[in-house]
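There are 2 protein chains.
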Amino acid sequence: MNLKIFKANKKHAKDIIRLINELAQFEKLTPPDDKANRRLINNAFGKKPLFNILVTSEGKKIIAYAFYFFTYSSFLARKTLYLEDIFISADYRHKGIGKMLMNELIKIAKKKKCGRMEWCVLDWNKSAINFYEKLGSRELKEWKYYRIEL
Amino acid sequence: MNLKIFKANKKHAKDIIRLINELAQFEKLTPPDDKANRRLINNAFGKKPLFNILVTSEGKKIIAYAFYFFTYSSFLARKTLYLEDIFISADYRHKGIGKMLMNELIKIAKKKKCGRMEWCVLDWNKSAINFYEKLGSRELKEWKYYRIEL
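Residue numbers (our numbering), protein chains in the order written: chain A, 137 to 286; chain B, 137 to 286.
Note that these hints are calculated values from the structure, not bench results. Misleading hints may appear alongside valid ones.
One copy or any two copies: either way a pair holds, since identical chains are not told apart in the list.
Said to hold, decoys possible - Calculated pairs, BS3-like style, for lysine-lysine (alpha carbon to alpha carbon, straight line, at most 25 Å):
id	residue 1	residue 2
1	247	140
2	184	196
3	231	143
4	215	270
5	248	215
6	146	183
7	262	235
8	247	143
9	235	246
10	270	171
Go ahead and model the full structure; you've got the sequences and the hints to work with.
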């Protein structure tokens, strides 16, 4: 395989939306509508990007992405790299592509002097959980996560 | 009581650090050292603030704070207001100050067109959990939270 990891730009919008739809199918969720897709692309590639996108290409095909942004730990007084989404197209799994992306994210986090890298995973996604635990991460079992929908 | 809520600035640094120390005592944690405190103040009030601080004053005294920043939901394609810390000085609890701060944060989140407001709470902090549930938030039980320390 001829794999490359790089920061996506607006030219990759169609590929990213194709992979988002594939992810929605995998998670058995309704994929985002056109309006949400347009908003996401503008939020990623506009004047003030709200998040960052790393992609992996195999030859000319975009086959994986990671969405991430920086949060903040008041306890450490340092930035945290927060991984919002990571997705590898079905035909390209179990080839080390997820690990490559995670290692690249860790590299970015260290360069930005983050104290931590964090993310959430759905409790039924056993293969992802297994993957994350092998990477040396730990579940924050003592914290409860709350949300208000606005 | 003569309560006001407003965005903190560098002039409030000492008050904020005093309250952080009080919080560390409450959570039975070692308070951050001087270096971490300086970093936190620079990160809040520097040229490119990494997070925002709302404070509550009673007369001339700063008695509560909320640290928050904006994350992103790729599912909604909208910002999320993330509450990193909320703290009310011991003598001022059970007076509705927490609710005032939460309502102000919800107002800010709506103004910024966020789809959600989110935060974490330690599982032993039953009074905080009770407070959050009365506010109409829900625990995201289906998600597991992972971290790598860098």
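Now for the hints, and whether the structure bears them out:
no., hint, in the structure
1, 247 x 140, "within (20 Å within a copy, 40 Å between copies)"
2, 184 x 196, "neither (28 Å within a copy, 37 Å between copies)"
3, 231 x 143, "within (21 Å within a copy, 49 Å between copies)"
4, 215 x 270, "within (24 Å within a copy, 31 Å between copies)"
5, 248 x 215, "both (8 Å within a copy, 22 Å between copies)"
6, 146 x 183, "within (12 Å within a copy, 28 Å between copies)"
7, 262 x 235, "within (16 Å within a copy, 38 Å between copies)"
8, 247 x 143, "within (15 Å within a copy, 30 Å between copies)"
9, 235 x 246, "within (16 Å within a copy, 37 Å between copies)"
10, 270 x 171, "neither (38 Å within a copy, 34 Å between copies)"
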